[in-house]
Amino acid sequence: MTDDLQPDDIRIADKAARQAIEMGVLVLLIVVFFVVSFMRQNPFAEGANPAKAIGIIVAAGLTIIMYSFLYRDNPLFKIVENLYVGVTLGYNVVISWRQFLRPLVYQPLFEPPTAEAFWNSLAHLFVPVILGILLLARISRKHGWVSRYSYALMIGWGAGVAIPLFTNSYILEQLTAAVKPIQEAVGPRGLAAANSWEWALYVAAPMFGAVLAMIGTFTVLFYFFFSVEHKKVGAVISKVGIWFLMVSFGASFGYTVMGRLSLLIGRVQFLLHDWLQIPQQ
Amino acid sequence: MIFKRTIPLLIVLGIGLLGFMQDYVPHPWSASLVDEMTTWSLILGGFAALLGLYSLLHMHWSRMRRKMSGWGYSAFVFIGAIGMMAVGFFSDSIGTVTSGTERVSLYDWGYDYIYIPCAATVFSLLAFYMASAAFRTFRARNLAAGLLLVAAIIVMFGRVPLSETVSEWLLGDRQIIPNMAKAIMDYPNLAAKRGILLGIALGVISQSLRILLGIERSYLGGGD
Amino acid sequence: MSQIRNLPKHYELARRIIYVLIALAVILPYFFNPKQEFKPAIEVENIYKKIESIKPGGHVLISIDYDPASEAELYPMTLAIMRHCFKKGVIPVVMTPWPASVGIARLGCDEAANDANTMFQKKMVSGKDYVFLGFRPGFSQLILKMVNNLKGSFDKDYYGQPTQGMKALEGVNSLKEIDLLVDIAAVGSVEVWIAYGADKAGIPMAAGTTAVMTPDLYPFYQSNQLMGFLGGLRGAADYEKLLKISGRGERGMLAQSATHVLIILLILGANIRLFFGRFFAGGKGASR
Chain A
73 MTDDLQPDDI
83 RIADKAARQA
93 IEMGVLVLLI
103 VVFFVVSFMR
113 QNPFAEGANP
123 AKAIGIIVAA
133 GLTIIMYSFL
143 YRDNPLFKIV
153 ENLYVGVTLG
163 YNVVISWRQF
173 LRPLVYQPLF
183 EPPTAEAFWN
193 SLAHLFVPVI
203 LGILLLARIS
213 RKHGWVSRYS
223 YALMIGWGAG
233 VAIPLFTNSY
243 ILEQLTAAVK
253 PIQEAVGPRG
263 LAAANSWEWA
273 LYVAAPMFGA
283 VLAMIGTFTV
293 LFYFFFSVEH
303 KKVGAVISKV
313 GIWFLMVSFG
323 ASFGYTVMGR
333 LSLLIGRVQF
343 LLHDWLQIPQ
353 Q
Chain B
2 MIFKRTIPLL
12 IVLGIGLLGF
22 MQDYVPHPWS
32 ASLVDEMTTW
42 SLILGGFAAL
52 LGLYSLLHMH
62 WSRMRRKMSG
72 WGYSAFVFIG
82 AIGMMAVGFF
92 SDSIGTVTSG
102 TERVSLYDWG
112 YDYIYIPCAA
122 TVFSLLAFYM
132 ASAAFRTFRA
142 RNLAAGLLLV
152 AAIIVMFGRV
162 PLSETVSEWL
172 LGDRQIIPNM
182 AKAIMDYPNL
192 AAKRGILLGI
202 ALGVISQSLR
212 ILLGIERSYL
222 GGGD
Chain C
532 MSQIRNLPKH
542 YELARRIIYV
552 LIALAVILPY
562 FFNPKQEFKP
572 AIEVENIYKK
582 IESIKPGGHV
592 LISIDYDPAS
602 EAELYPMTLA
612 IMRHCFKKGV
622 IPVVMTPWPA
632 SVGIARLGCD
642 EAANDANTMF
652 QKKMVSGKDY
662 VFLGFRPGFS
672 QLILKMVNNL
682 KGSFDKDYYG
692 QPTQGMKALE
702 GVNSLKEIDL
712 LVDIAAVGSV
722 EVWIAYGADK
732 AGIPMAAGTT
742 AVMTPDLYPF
752 YQSNQLMGFL
762 GGLRGAADYE
772 KLLKISGRGE
782 RGMLAQSATH
792 VLIILLILGA
802 NIRLFFGRFF
812 AGGKGASR
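Protein sequence lines correspond, in order, to chains A, B and C. When we follow this note's numbering, the leftmost residue of the first sequence carries the number 73, and every step to the right adds one. When we follow this note's numbering, the leftmost residue of the second sequence carries the number 2, and every step to the right adds one. When we follow this note's numbering, the leftmost residue of the third sequence carries the number 532, and every step to the right adds one.
Excised from the complex, chain A in its bound form (with noise of 0.2 angstroms):
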């Protein structure tokens, strides 16, 4: 009989198969659910909170779809995700009228308490409303210019703005910041403590650790400098700043693991602690 099976009707029931079984195993996982979650959080025993035992309820199973894609995507992952992003949506609206489209703009315009302060409102309102609104025309494929003036504002003002910022935090503070110990060290007080171990442990170290930092930022921000191509000396020092560079992003993988697993951690104290009520020890 096996002879006049052919390898796609092997495939075939075999995935014909497969589906049963994963739809069985669905159903059952279903039942569980609404079981366990009713025996833990039943939200009509008395005294109960029905809209917050409904909504563990909800959350664990949202969050138990979530993991199924571990498993395989599916159309059930599919929908949560795509409510999800609605659910964002729905909410940033809400929060935006509320906070401010509301208060910063309808309110003072259109609810004012007393006409001066509605004049006032208008003198400070008017230009930033319209630019706001020529902003909107960015939908429009012919309109769409008019929102270049919003933008040129915004965009102007940001700039410009960020120039000092950036140069006295990012720049002068951090290489003052870089300069220091070593500045300490070599400084008066510094020389005045030398010869004492004291020095040598809070003084010394750190200074050599900043002519560490030093060499590998300097290493570093010339790896990067890619306008000059990087032979005999330079290919030495771009080598070194890989060095750094590398130890960085080891360090860095090393955290990404510890933030990613936290996640971890968090959703499954939910589900242990919050839906299945087991008391943590």
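Don't read these hints as lab results, they were simulated from the structure. Remember, predicted model here, so these are calculated numbers, not experimental data. Be aware that one or more of the hints could be misleading.
[Unchecked claim] Derived lysine to aspartate or glutamate pairs resembling DMTMM-like cross-links, with alpha carbons at most 20 angstroms apart: (1) K150(A) with E94(A); (2) K570(C) with D36(B); (3) K183(B) with E568(C); (4) K687(C) with D36(B); (5) K570(C) with E37(B); (6) K659(C) with D710(C); (7) K183(B) with D747(C); (8) K566(C) with E169(B); (9) K586(C) with D660(C); (10) K682(C) with E37(B); (11) K707(C) with E37(B); (12) K252(A) with D187(B); (13) K570(C) with D174(B); (14) K124(A) with D646(C); (15) K687(C) with E37(B); (16) K707(C) with E169(B); (17) K124(A) with D109(B); (18) K87(A) with E543(C); (19) K183(B) with E576(C).
Put chains B and C on the given structure of chain A with help from the hints.
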């Protein structure tokens, strides 16, 4: 061309120079200018956010209209969005329910029990993929990769409490392994991050200058 | 079954085994005693000491710059800092420049205020003992405005109460009157707060970030632009240890240790396999 290009570029230059100079001018007029301009920027920023929200809705609407692959799922985006907006805008009527003895806002409920679990779970999936990827691809094939591997292992282990126990057991002092991890963060990591930070700062400053001088015009959109 | 076509079957099996191991490494520690001895980092201790030094009635501005995706790492540290403020009688001024963070900030304020009642027998009243200012757009421009005009940036709090004349904001008209600025962030906002806020206003600043972002903070810590920082769940655990109030941070540390050891063993195992493969193959055809 004057209205579509020249005037916007002149606005960028003029406003940009004002923004640059205000940091160095202590006169009260400078402070008033900052106050007014930041208010304008707040309002414009809010409108820009609305534009972003519209773009997302429009993308899903187009997908449904053209019946592209997976268009049915986009309907759930609208279900979620309209549901949240309904309970948010009509919070006094349909947006509030009684639960036990409390009045519960469905808007806050949706955030607490739909938004939070979905967002938190999506990113926690990365833990599994990261572990699998680390096992499959993280190999010390050369010196640079070896440095990365050693640094990663020291930092990963040094930042957990178990490292203090193992450090005491192996080396006699609880802080040796954690201090090794700290040393990696305080010196080579600091050096590389500072180098990257300086590079980014120089890049942002040069890009800002290019914007003010009208060399960089991509923010104006197409057709120029 | 494989989501990537043509992947060898043993990779599928290895992948699923790793997923199960990770899940076990996270779930099993939950059932054991989570108390572990560890020394809080000096960067965390600096923040603790700073808040300890602020007189009752002082103000700590807390910017919530994360959304629910990073809730597991950052919510415990938000709670820990707010609990500390309530314990010391310091007024937390909570705000957020991101719409998605409003709910998380609201939850944090509510939970910390309720906890103050049970933990410190203090009834916290919004507008008097703490204030949740809510959300305003603009981010960097909002910070710039707050430097000179905080009440003008938030003329009402989240609950619609006017900030002018609010007891919680007595004596605070701008960022310059804040005793400590704390940015709890999952986005690249710490650098912006430093440049546009703390450095410009001349106030001390601390940060609490996800572990992914923590390595980026070291240049600012070394330059004293940040007086301290909390890195990831371990940062939250360190702060809870200093505060002597157990929370999700400390309770997650055993699972954190277990999972880190598992990942290290997986990486070492794979590399040992690589080196032995090279050794026996005479240096050729190193296996993946």
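Hints and how they fare:
For the given pair, K150(A) sits about 17 angstroms from E94(A) by alpha-carbon distance, which is consistent with the 20 angstroms threshold. The hinted pair formed by K570(C) and D36(B) fails the criterion: a straight-line CA distance of about 45 angstroms is larger than 20 angstroms. Our distance criterion of 20 angstroms between C-alpha atoms is met by K183(B) and E568(C), whose separation comes to about 18 angstroms. Taking the CA atoms of K687(C) and D36(B), the gap is near 17 angstroms; set against the 20 angstroms cutoff, the hint holds.
As the CA atoms of K570(C) and E37(B) are separated by approximately 48 angstroms, the hinted pair breaks the 20 angstroms bound. For the hint linking K659(C) to D710(C), the alpha-carbon distance of about 17 angstroms falls within 20 angstroms, and the restraint holds. Taking the CA atoms of K183(B) and D747(C), the gap is about 14 angstroms. The hint holds against a cut of 20 angstroms. For the hint linking K566(C) to E169(B), the alpha-carbon distance of about 18 angstroms falls within 20 angstroms, and the restraint holds.
For the given pair, K586(C) sits about 14 angstroms from D660(C) by alpha-carbon distance, which is consistent with the 20 angstroms threshold. With a CA separation close to 14 angstroms, the supplied pair K682(C) and E37(B) stays within the 20 angstroms bound. Restraint check for K707(C) and E37(B): satisfied, since their Cα atoms lie roughly 19 angstroms apart, inside the 20 angstroms limit. Using a Cα cut-off of 20 angstroms, the hinted pair K252(A) and D187(B) holds, with the two alpha carbons roughly 15 angstroms apart.
This hinted pair checks out: K570(C) and D174(B) have alpha carbons roughly 12 angstroms apart, not beyond 20 angstroms. With a CA separation close to 19 angstroms, the supplied pair K124(A) and D646(C) stays within the 20 angstroms bound. Between K687(C) and E37(B), the direct Cα distance comes to roughly 18 angstroms. Compliance with the 20 angstroms bound is thereby established for this hinted pair. Using a Cα cut-off of 20 angstroms, the hinted pair K707(C) and E169(B) is violated, with the two alpha carbons roughly 46 angstroms apart.
Using a Cα cut-off of 20 angstroms, the hinted pair K124(A) and D109(B) holds, with the two alpha carbons roughly 11 angstroms apart. Using a Cα cut-off of 20 angstroms, the hinted pair K87(A) and E543(C) holds, with the two alpha carbons roughly 18 angstroms apart. Taking the CA atoms of K183(B) and E576(C), the gap is near 15 angstroms; set against the 20 angstroms cutoff, the hint holds.
Comparing the model with each numbered hint stated earlier shows that hints 2, 5 and 16 do not hold.
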